[in-house]
Structures are given as C-alpha cells and as structure tokens.
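**Q** Below are the chains, spelled out letter by letter.
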Amino acid sequence: AQKITQTQPGMFVQEKEAVTLDCTYDTSDQSYGLFWYKQPSSGEMIFLIYQGSYDEQNATEGRYSLNFQKARKSANLVISASQLGDSAMYFCAMRENTGNQFYFGTGTSLTVIP
Amino acid sequence: DAGVIQSPRHEVTEMGQEVTLRCKPISGHNSLFWYRQTMMRGLELLIYFNNNVPIDDSGMPEDRFSAKMPNASFSTLKIQPSEPRDSAVYFCASSLRQIRSYEQYFGPGTRLTVT
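Residue numbers (this note's numbering), protein chains in the order written: chain A, 6 to 119; chain B, 3 to 117.
Extracted from the complex, chain A is given alone in its bound form (with noise of 0.2 Å):
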C-alpha cells in the first residue's frame, strides 16, 4: 500500500486565490511527522512546513497551512493568496518515527494563473 497519496497530478489557481493539495497517508505508528515540500521548475526541493502527529493546533508557516485531520489520515497543504511564484511540484512526505523511515508521494503540479 502506498504510504503517501497524493490524488491531483494537477491544479490549476487564480492569482489571489487560496488553494488545496491533497495529500493522505498510511501509518500504524502513533508518533510521526508530516511534511510538504515545494520544487519549483528550476529543480530544488524546499521544505515548506511540518506536522507532528501529537501536534493538536494545525502548523502555518506564512502562507501556508497544513489541514491536519488525523481520524481521516489526511493531510492537506492550504495555499492562502497564491502568487505566480507559487507555480511549482508540490511534495507531501512523511516520517515514521519507527524505524525513521521517510516517504514521498507522487507530488502535485500547481500552476498559478495570472
């Protein structure tokens, strides 16, 4: 089974608009992180923000914002007054503190629309 899933291959965002990226996991360990990260066309990976499974208040860094709902395994990355910048691969991953195994989904391309 796959121990991310990201289900939009792509999405398509007004400039201005906030958007959301799916992202579902699949963990039997009760203490794990979540990340996502961004890869913009010039190839680098960025790490955006992170969730820790214990964390009750959902993490926002600027304008981002991580949609934790913990009983669903779901994961979302909420883009706030997305910017053509933005325009990139978007990466949710996931650490297992067991084991410290770290997994990537198959990430989603976001395109911002002028």
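To be clear, the hints were calculated from the coordinates, so they are not data collected in a lab. There's no promise every hint is true.
As the list claims (entries may be wrong) - Residues from chain B that face chain A, not an exhaustive set, calculated with beta carbons under 10 Å:
| # | residue |
| --- | --- |
| 1 | 35 |
| 2 | 44 |
| 3 | 67 |
| 4 | 85 |
| 5 | 103 |
| 6 | 106 |
| 7 | 107 |
Stated by the list, open to error - Dumping the calculated DSBU-like pairs for lysine-lysine here, alpha-carbon to alpha-carbon at most 30 Å:
| # | chain 1 | residue 1 | chain 2 | residue 2 |
| --- | --- | --- | --- | --- |
| 8 | B | 70 | A | 8 |
| 9 | A | 8 | B | 80 |
| 10 | B | 80 | B | 70 |
| 11 | A | 75 | A | 8 |
| 12 | A | 8 | A | 78 |
| 13 | B | 80 | B | 26 |
What the hints assert, rightly or not - Restraint-style ranges between C-beta atoms, simulated for each label pair:
| # | chain 1 | residue 1 | chain 2 | residue 2 | range |
| --- | --- | --- | --- | --- | --- |
| 14 | B | 78 | A | 49 | 15 to 23 Å |
| 15 | A | 63 | B | 19 | 14 to 22 Å |
| 16 | A | 78 | B | 41 | 24 to 32 Å |
| 17 | A | 35 | B | 44 | 25 to 33 Å |
C-beta atoms are modelled at their ideal positions from N, C-alpha and C, and glycine is treated no differently.
Go by the hints and put chain B onto chain A.
**A** For chain B alone, coordinates are given in the frame of chain A:
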C-alpha cells in the same frame, strides 16, 4: 549559512563508466539521505546515514550502487558501471535528528545522463 552542497551539478557519461556523486551536508546535521528522482518513479530514497553509519540501504537498486560517508561532512554515491537507466536527478539531503521536526534540507541535485 551554506546549504547542502552537491557536485557535480551535471554529469554526462557513457555507459560502463564509473560515476561518483559528492555531497557535503549542512554543518552540524547528523543524518544524510541520498534520493533519486525520475519522471517514471518519482522520488526514491536510496540510502540514509545517521552519524556517518548507513542505517537503511534497501532502496539501493543493485550492487552497482554504493554509498559512503567517511566523515560528518562528506558523502559519496558511486555507480559502477553506469547504465542508461541510471539517468536521473540525484539529491542529497541532510537533517538534524535531535530536533522535533527532523525535516530534511535538500541539495540542488546532480543531473546524471548516461548515454
């Protein structure tokens, strides 16, 4: 602060040749990861080290691949002999295991083309 440094940034080689990719992690980080990214297979973890010790190399494709971390500031990924199917972008990432989030910071990648 310097990020993760990888060299070379681009490598073009002929099938059968040996290829060595290099990585310098962020100073003070104690975990290092090697990934391979292709369109077909996405991002794959090849191997990772904690405190210079290889912990999990189950992602290494086959015996042609080997990785070393002789000290805390340097790691290599070697492919010998290289094959066209090894063409990919290879990323090195480092992290600090003691912090709660333990997020990984990636290098710029090495784009490998094997002809």
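**Q** None of the hints should be skipped; say for each whether it holds.
**A** Comparing the hints with the structure gives:
1. Annotation: residue 35 of chain B was flagged as interfacial toward chain A, and the flag holds, the nearest CB pair being 7 Å apart, inside 10 Å.
2. The interface hint given for residue 44 of chain B is met, as the beta carbon of that residue sits about 5 Å from the closest beta carbon of chain A, less than 10 Å.
3. Violation of the interface hint for residue 67 of chain B is found here, the shortest Cβ-Cβ separation to chain A being roughly 18 Å, above the 10 Å cut-off.
4. At about 23 Å, the closest approach between the beta carbon of residue 85 of chain B and any beta carbon in chain A exceeds 10 Å, and the interface hint on this residue is violated.
5. Checking residue 103 of chain B against chain A by beta carbon gives a least distance of about 4 Å; that is within 10 Å, so the hint holds.
6. Contact between residue 106 of chain B and chain A, as hinted, is supported at the beta carbon level, the nearest pair being about 7 Å apart and thus within 10 Å.
7. Given the 10 Å rule on beta carbons, the hint for residue 107 of chain B holds: about 6 Å separates it from the nearest Cβ of chain A.
8. Only pairs whose Cα atoms come within 30 Å are accepted, and residue 70 of chain B paired with residue 8 of chain A is accepted, the gap being roughly 28 Å.
9. With a C-alpha separation of about 28 Å, the suggested pairing of residue 8 of chain A with residue 80 of chain B holds against the 30 Å cut-off.
10. Restraint check for residue 80 of chain B and residue 70 of chain B: the C-alpha separation of about 9 Å stays at or below 30 Å, so the hint holds.
11. For the hint pairing residue 75 of chain A with residue 8 of chain A, the CA-to-CA distance comes to about 15 Å; that is within 30 Å, so the pair holds.
12. For a cut-off of 30 Å, the pair hint linking residue 8 of chain A to residue 78 of chain A stands: about 11 Å separates their Cα positions.
13. For the given pair, residue 80 of chain B sits about 15 Å from residue 26 of chain B by alpha-carbon distance, which is consistent with the 30 Å threshold.
14. The hinted window of 15 to 23 Å between residue 78 of chain B and residue 49 of chain A holds, with their beta carbons roughly 21 Å apart.
15. In this structure, residue 63 of chain A and residue 19 of chain B break the distance hint of 14 to 22 Å, their C-beta atoms being roughly 49 Å apart.
16. Remark: the range hint 24 to 32 Å for residue 78 of chain A to residue 41 of chain B is upheld by a beta-carbon distance near 27 Å.
17. Separation of residue 35 of chain A from residue 44 of chain B is about 27 Å and conforms to the stated range, judged on CB atoms against 25 to 33 Å.
The structure fails to meet hints 3, 4 and 15 from the earlier list, while all remaining hints are met.
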